[in-house]
Amino acid sequence: MKIKINGVDKTLDVDPEMPLLWALRDVLGLTGTKYGCGEALCGACTVHLDGHAVRACVTPVRRAEGRAVTTIEGLSADGSHPLQQAWLELRVPQCGFCQAGQIMTAAALLAVKPKPSDAEIDQSMAGNICRCGTYTRIRSAIKKVAGVPDDGGNQ
Amino acid sequence: MTLPLKLSRRAFLAGLGAGLAVGVMPRVGRAQSPSDKKAAGGLAPHVLIHIALDGTTTIVCHRSEMGQGIRSSLPILIGDEIGVDPKRVVVRQAEGDKKYGDQNTDGSSSIREQYDSYRNAGAAARMMLVAAAAKRWKVKPESCTTENHFVLHRPTKRTLAFADVVEAASKLPVPNKDFVLRPFSELKGIADPKLPLLDGLAYVTGTAQFGADVRFPDMLTAVIARPPVVGGKVARYDAKRALAVPGVRKVIEMPVPKPPWLFQPWGGIAVVADSTWAAIKGRAALDITWDHGPNASYNSDAYREELLASVRGKGTTHRDVGNIDTAFAVAAKTVEAEYVVPHLSQMPMEPLVAVARVTKGQAEVWAPTQNPQANRTSVAALLELPEDKVTINVTLLGGGFGRKSKSDFVVEAAFIAKELGDGQAVRVQWTREDDVKHGYYNAVSAQRLRAALDDKGAVTAWHHKTAFTPIGGTFNDKLDTPAADDLMQGVTDLALAAPNVRAEACKAPLHTRVGWYRSVYNIFHAFAVGSFIDEIAHARSADPREVWLDVIGPARKMSLAELGIPKQPNYGETLDKHPVDAGRLRNVIERVTKMASWSNRKGRALGLAAHRSFVAYSAVVVSVVPDPVRVFRIDDAWISMDAGIVVNQERVHSQLEGGLIMGISNALYGGATMTNGATDQSNFRDARVARIRDVPHRIHTDIVASTEPPSGVGEPPVPPVGAAVANAIFALTGKRLREMPFAKALKI
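Keeping their order, the protein sequence lines are chains S and B.
208 is the number of the first residue of the first sequence in the numbering used here; add one for each residue after it.
274 is the number of the first residue of the second sequence in the numbering used here; add one for each residue after it.
Only chain S is shown next, with the shape it has when bound in the complex:
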């Protein structure tokens, strides 16, 4: 199977039913995409498939054939994506494990809704779990990038 991953054409020789998550992690060594639940319940494995956020843990690798996959490693070369910068500035991460998935979901949201409302942010991010409890800072970081007023977060 041929898949464009982070802008580079790759050929994968795996069971076409293998979830994209395990192909990325176990076969390609792209470990920034995390396993958290395996059932599209937590969002830790979120990647972009042709620009849309998908949960890699339930996406058979065959669905990505001939398409473009972007992982956290490909969002920017050096952490310069505005969301990554906002995440650092507001010190969003605690343990950090879920944050790649959070950022990938937020990036897909802002691509279609550059100025999301609070309700739209909550709706888009509802599938991404953080057990450390960084949700209020996640909201603030998204709003910072969107340039919309923020009355929340840490005060």
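None of these hints come from the bench; they were simulated from the model.
Check the hints yourself; a few may be wrong.
Claimed, not checked - What follows is a set of in silico ranges between Cβ atoms, one per label pair, in the way DEER data are often shown:
#1 S:269 with B:1017: 37 to 45 Å
#2 S:270 with B:327: 47 to 55 Å
#3 S:326 with B:459: 46 to 54 Å
#4 B:557 with S:289: 41 to 49 Å
#5 B:469 with S:270: 35 to 43 Å
#6 S:211 with B:469: 33 to 41 Å
#7 S:320 with B:1016: 26 to 34 Å
#8 B:1016 with S:211: 36 to 44 Å
#9 S:217 with B:459: 51 to 59 Å
#10 S:289 with B:327: 35 to 43 Å
Using N, Cα and C, we set each Cβ at its ideal position, and we do this for glycine too.
With chain S's structure known, arrange chain B on it following the hints.
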């Protein structure tokens, strides 16, 4: 405990060879330490500090990073005391080794227990650098200080770079007493509200190395089918079907654990494969028949009734002041209520995982572990090796919350690596279902509280009965009742003004594995006490805030006699250093209610609760508003904490936010239940946790400025939250929630 301060340079340099260096953790196989060239020579006044000849300063983080920010905080504290330029500091994560002192990252203890020894260690390094420079300048050391990687002679403003004096300093004796500490005001980093996260860039670019990210060429992956019931074992299974799955290499029978469970692996069958996916598919093909064993009759619904019956009967009295029986006999009014909290599961975002490799006479492990020394001891025992032949490398933890302080998952990896032999690297990957179903759950509990009120509404007697499965039962299967020390967490250390108080521990036999979960027994004790004080307030038609202050009583430090207990474990701290201080508890209540404009609460639905835990004091106010779909929504929250001196203000604020949200998660959704001994829940679908819509729009955090010794920080924000949420929902709806999870009663 204190760290061994004086340690030979050889021991320090030996330490540099192992473990993972940091910032962005290098991948396995690359150099894992600052270069040997830098490590050769230099100043090593303490096991956690090395200053190379070129001035590069390595600070060893010997505690595990699981989101609390220790890897950012510890180097700042030590580095400030030395007087470093933060840009010239390398942080190295320690492997598990007793030479580093206690590494168990648990009990909110890292800063609280070691603040003094960290500062002394930094001071020792500074004193040696200063002494060397002073000698060269022929001036008094007292006239010198350090700043930004230079020694400074204050009167003449002369400077010498650390690099210029390291060699001379390294030949001086290491101070082991009379440490000259900096004035607190000079410790600038620890008060900096904008301190960067050491691993921030690695987190947001996906390069941070967690347990599952450790990679070796040709590494295999194992998943294990574990007995669904604690104490159960495999009756029969079909290895052939699993081996027929492409990519599956081997099927291994795990050793059967014997009670007490301790941190033993769970038994079952391991499937080893080329990829995680093949291993998961192979496991599904095993077709196992289980012999469920003696705990197959454990049912949560029936056990709930058993615990309630237990607290309705007589327990063992562990706190006794005055005579409650007389007080209840003459009470103008009696308030009583029962509270239930189920088992709770830690569910860190990173499921358990460990990588191991065993060659003849040596073992190496990489794991996201809270307790690498315990892992080392367990692995050495399993493999019958001396501990110095076992290396436990600590990766970043994708959350821990107490689950990763147990060694079960690490020992599993070591066992499978031993079976594979020949240095074959293997990763044991737990699925989320494994995590939910094979937990060291927080204790399940029932409590009964009773208060006698006089005709003015004052509480004249307080009677608290608590039944919960003690964690001691995991270590001693004969234990079926909480011990006196277990009641320290929110029952016997509770400041009460009432002249008559009794607290009893009631029977609660254990039928599964229980263990620590962020703030542990405080979760249910604070929920019951915090809800009950609100119930007393409503019974009196009084302001809950005033009743809280009445129930606690005036500002004072509580003696053992006033508490009515013979001793107080006090989280390992002396009562001289960390008294039970009613004044500090009152203060956080006063601060948090002021922030929340409590007195102006007409038309709002606010809930208040406060609690002392891990020798810190925290108070929470939650505001809820009606919601057309979900009955209510938490729209605002305030939290004030007095944790004494805090290191890294910014990460403490983040702990307050995160602890508050975890408290909301426990209260709304927490609960692992068992049917016929097996856990009912399987994944985030039914083992629910707070999502973004569940949390307040705003969280206002307040840290009390204090010169008291540091207390715990990671856990104390959690306990008061459940009661604050319940009290706010009562204010909004008039419905009193006495059982977690609230989602059940609210049908949300």
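- prompt: Is the gap between the beta carbons of residue 1016 of chain B and residue 211 of chain S within 36 to 44 Å?
  reply: holds, 43 Å
task: Evaluate the given range 35 to 43 Å for the C-beta pair formed by residue 289 of chain S and residue 327 of chain B.
output: holds, 37 Å
message: The hint says 37 to 45 Å between residue 269 of chain S and residue 1017 of chain B; measuring C-beta to C-beta, is that right?
response: holds, 41 Å
query: Does the hinted range 35 to 43 Å hold for residue 469 of chain B and residue 270 of chain S at CB?
result: 39 Å Cβ-Cβ, so the 35 to 43 Å window holds.
task: Could you see if the CB distance from residue 320 of chain S to residue 1016 of chain B stays within 26 to 34 Å?
output: holds, 30 Å
- prompt: Falls inside 46 to 54 Å, the C-beta gap from residue 326 of chain S to residue 459 of chain B?
  reply: holds, 48 Å
query: Are residue 217 of chain S and residue 459 of chain B spaced within 51 to 59 Å by their CB atoms?
result: holds, 54 Å
message: Taking 47 to 55 Å as the stated bounds, is the beta-carbon spacing between residue 270 of chain S and residue 327 of chain B within them?
response: holds, 53 Å
- prompt: residue 211 of chain S and residue 469 of chain B, beta-carbon distance inside 33 to 41 Å?
  reply: Between residue 211 of chain S and residue 469 of chain B, where Cβ atoms are some 34 Å apart, the hint holds.
41 to 49 Å as the expected CB spacing between residue 289 of chain S and residue 557 of chain B, which holds or is violated: For residue 289 of chain S against residue 557 of chain B, whose Cβ atoms are near 42 Å apart, the range 41 to 49 Å holds.
When each numbered hint is compared with the structure, no violation occurs for any of them.
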